[in-house]
Amino acid sequence: MENFKEFNIKDLPQEFSEKLLSEIPDNPNFPKVSVILTTYNREYFFTESIESILDQDYPNLEIIVSDDGSEDNTFSIASEYAKDNPHIKVVRNARTHGSAGNRNNGLDYASGELLLLLDDDDLLFKEAISQMVEVYLRFDKQYGIIIANCTRSDDGFLSGQGLDESREIGFQEVLAGCLDGEFVTLFERKLLGQRRFNENLQRGNMGLLWLKLHKQRPCYYIHKPLKFYRIHAESLTQSLKYKPLEMVKNYEQDILLFYKERLKYCPAHLAKLCATAALLYRQGGNRKKAFKKILQSLAIYPNWLALQVFACLFLPISFLPKLKIRQRVEK
1 MENFKEFNIK
11 DLPQEFSEKL
21 LSEIPDNPNF
31 PKVSVILTTY
41 NREYFFTESI
51 ESILDQDYPN
61 LEIIVSDDGS
71 EDNTFSIASE
81 YAKDNPHIKV
91 VRNARTHGSA
101 GNRNNGLDYA
111 SGELLLLLDD
121 DDLLFKEAIS
131 QMVEVYLRFD
141 KQYGIIIANC
151 TRSDDGFLSG
161 QGLDESREIG
171 FQEVLAGCLD
181 GEFVTLFERK
191 LLGQRRFNEN
201 LQRGNMGLLW
211 LKLHKQRPCY
221 YIHKPLKFYR
231 IHAESLTQSL
241 KYKPLEMVKN
251 YEQDILLFYK
261 ERLKYCPAHL
271 AKLCATAALL
281 YRQGGNRKKA
291 FKKILQSLAI
301 YPNWLALQVF
311 ACLFLPISFL
321 PKLKIRQRVE
331 K
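For the sequence shown, my numbering gives the first residue as 1, with consecutive numbering after it.
Treat the hints as calculated values from the structure; they're not laboratory data. Please note that the accuracy of each hint is not assured.
SDA-like mimics (lysine to any residue), calculated; alpha carbons at most 20 angstroms apart, straight line [to be verified]:
#1 Lys-215 / Cys-178
#2 Lys-89 / Phe-139
#3 Lys-264 / Leu-298
#4 Lys-224 / Ser-166
#5 Lys-212 / Lys-224
#6 Lys-212 / Tyr-259
#7 Lys-249 / Gly-285
#8 Lys-224 / Asp-57
#9 Lys-212 / His-269
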């Protein structure tokens with residue numbers, strides 16, 4: 001398992017009131033946090049997930065459960081929780097069926113100053129929200145986005161890669177793909193405004209919306225796992241539903257978004273995105289578009305991946321390895 005220094009709010013490089021630290025668990029005047037728990041046919045995981053939210057040591061919480069039309073007992077279980085807790089609101093998804101529409105539906109009901117999205121098979125560690133809010137207040141709300149790492153259920157390693165200490169993450173770093181893997185994110189609702197995840201893209205391509213938010217406000221990363229990221233048989237089965245020509249739409253949008261900024265600050269990463277799109281086109285049987293993306297990738301920055309994809313143009317699709325892309329499966 002990766003070795004990392006345990007995060008402690010007192011280790012941060014500026015003065016912070018001990019009184020504030022001691023009051024956070026008990027002071028109801030701290031900013032309300034809305035946790036949007038999206039679910040679909042997960043009665044066997046749902047209880048653990050919502051219990052992990054109810055077990056938080058931060059008191060000023062609102063829980064929005066958005067159900068995507070479950071056919072099992074998930075909605076009934078959620079409704080029972082809501083009967084006993086006025087801070088829980090259970091709603092059915094009135095938007096497009098799927099993870100993006102379900103998240104958007106939950107966001108529509110959120111009223112907190114801060115938002116946190118949670119899938120129905122993941123768990124928050126008890127101190128997750130309080131520690132993220134501590135950082136938010138510690139820097140006088142300078143950081144509109146607070147992220148922390150997660151622990152993978154299958155091997156115990158950190159799911160987020162590329163970072164080894166708690167620190168500010170600049171927009172240029174985000175553009176360059178430094179946030180690689182799964183993280184838990186707390187962010188200001190006012191950053192979101194009326195924007196939502198794109199319900200026409202596979203899995204809504206969460207990264208596109210995150211990029212827009214990172215453009216607005218700086219981010220602080222906590223080098224500590226605050227969420228349990230569950231990898232299970234159903235996740236692996238869903239990941240086999242591989243639709244390259246659907247997935248490439250996400251990459252095309254990603255390439256276009258902040259194209260000039262990436263060309264200036266991180267051309268190598270932009271070239272990699274183009275090469276990845278080329279491979280997806282090839283896997284989907286569209287050699288012409290694959291070739292165009294290869295040329296675009298090499299024109300931006302010479303890279304080995306683009307050359308490998310070029311070689312794939314002459315191989316049968318059955319010989320092409322499936323691309324390992326770090327994306328959550330659609331719930």
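Results for each hint:
1. Lys-215 / Cys-178: The given pair, whose Cα atoms are some 15 angstroms apart, holds under the 20 angstroms limit.
2. Lys-89 / Phe-139: Violated, at about 31 angstroms.
3. Lys-264 / Leu-298: holds, 15 angstroms
4. Lys-224 / Ser-166: holds, 8 angstroms
5. Lys-212 / Lys-224: This hinted pair is violated, its Cα atoms lying about 25 angstroms apart.
6. Lys-212 / Tyr-259: Distance of about 13 angstroms is within 20 angstroms: holds.
7. Lys-249 / Gly-285: With Cα atoms ~15 angstroms apart, Lys-249 and Gly-285 stay inside 20 angstroms; holds.
8. Lys-224 / Asp-57: holds, 17 angstroms
9. Lys-212 / His-269: OK: Lys-212 and His-269 at ~17 angstroms, within 20 angstroms.
In this structure, the earlier hints numbered 2 and 5 are contradicted, and the remaining ones agree with it.
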